[in-house]
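Chains as they are written, first to last, in our numbering: chain A, 1 to 102; chain B, 1001 to 1239.
Note that these hints are calculated values from the structure, not bench results.
Only a predicted model underlies this, so the values are computations on that prediction, with no experimental measurement involved.
Where chain B lies over chain A, by a calculated footprint (3+ residues, C-beta under 8 angstroms):
1) 4-12
2) 37-46
3) 68-82
4) 93-101
The beta-carbon is built from N, C-alpha and C at its ideal position, and this holds for glycine as well.
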Amino acid sequence: MEHDIWIYILVTGLVSYLIRVTPLALIRREIRNRLVRSFLYYVPYVTLAVMTFPAIMDSTQTPWAGLAALGAGIFAAWRGRSLFQVAVFCCVTVFALELLLL
Amino acid sequence: MQNKRDYYRRGLRDGLPIALGYFVVAFTLGIAAKRAGFSPLQALLVSAVNNASAGEYAAFALIEAGASYWEVAVMTLVANARYLLMSCALSQKLRPDTPLVHRLAIGYDVTDEIFGISIAFPGYLEPWYTFGAMSVAIPGWATGTSLGVVMGSVLPLRAVSALSVGLYGMFLATIIPESRKSRIVAGLVAVSFLVSYLASRLPALAGISAGTKTILLTVVISLAAAVLFPVKEADGDGA
Chain A
1 MEHDIWIYIL VTGLVSYLIR VTPLALIRRE IRNRLVRSFL YYVPYVTLAV MTFPAIMDST
61 QTPWAGLAAL GAGIFAAWRG RSLFQVAVFC CVTVFALELL LL
Chain B
1001 MQNKRDYYRR GLRDGLPIAL GYFVVAFTLG IAAKRAGFSP LQALLVSAVN NASAGEYAAF
1061 ALIEAGASYW EVAVMTLVAN ARYLLMSCAL SQKLRPDTPL VHRLAIGYDV TDEIFGISIA
1121 FPGYLEPWYT FGAMSVAIPG WATGTSLGVV MGSVLPLRAV SALSVGLYGM FLATIIPESR
1181 KSRIVAGLVA VSFLVSYLAS RLPALAGISA GTKTILLTVV ISLAAAVLFP VKEADGDGA
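With the rest of the complex left out, here is chain A (with noise of 0.2 angstroms):
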């Protein structure tokens, strides 16, 4: 089946504002039911975790490089590095490991 990207841009751009907008049109009081804030509480952490492992292994040229950007990207974010800083430093300590590997 053909796919169209500009539907495929609607599509997305719609799930996404209609997830932000109606709690922030919609709920005025908090919610109180805990099993759904638990898991609205984790489910960030999951999926960004499930996301970036094993994955980042194979986004760069040699495996060794992308585990090697994870330790660095955790390492940086553990010591309290900006958003910024620790995209930088997992990108220079790719660049710098395939330079030596490759």
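Given the structure of chain A, go ahead and fit chain B onto it with the hints provided.
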């Protein structure tokens, strides 16, 4: 008493470093957009309407694989589910009489960073502060993505390889600080890494696309964590 122009300016000032970071990270997202077949204009637009790193990245991977519109919609929903929680928290931060049109506008750009500075605003959130930050962050994100599509093919392989991990760096910058504060989150991140690795290597799961695996694993692991370790009343409104 400050007026809305002052709040707007303050938002601009606080949004500028965010926009700069977005620009660089979005560049690496653009490389993924190009692989999925996006033109520079389409990349500009998709980032301008989504404002989401993980959500867009996951969607691009599915689109590249020729996934259905439904699959992409569900993936976008799951990858962006955290914004639902952030918007819930943000709704408590608004004056109850905040006009609907302001609520609709704030909802356009609830990202980890914009949420972070909005929730840190003293007292009730002044919508114009958030608008100020949005008005630099959104263009930074969108133009970065577009430039990634344009430049991704011009850059040497070595540079593309290095830049493509920038996005993962952004993910780590989101999950690690909370892992440091909460041992449960730290354990959960470790478990997620492990299960995700196993899921990618198990022959039994080879038929399922990476995006669908992400959805399944996220729901199963998060639900298990919610049942086993329900958050206390004070937690869970930040993220």
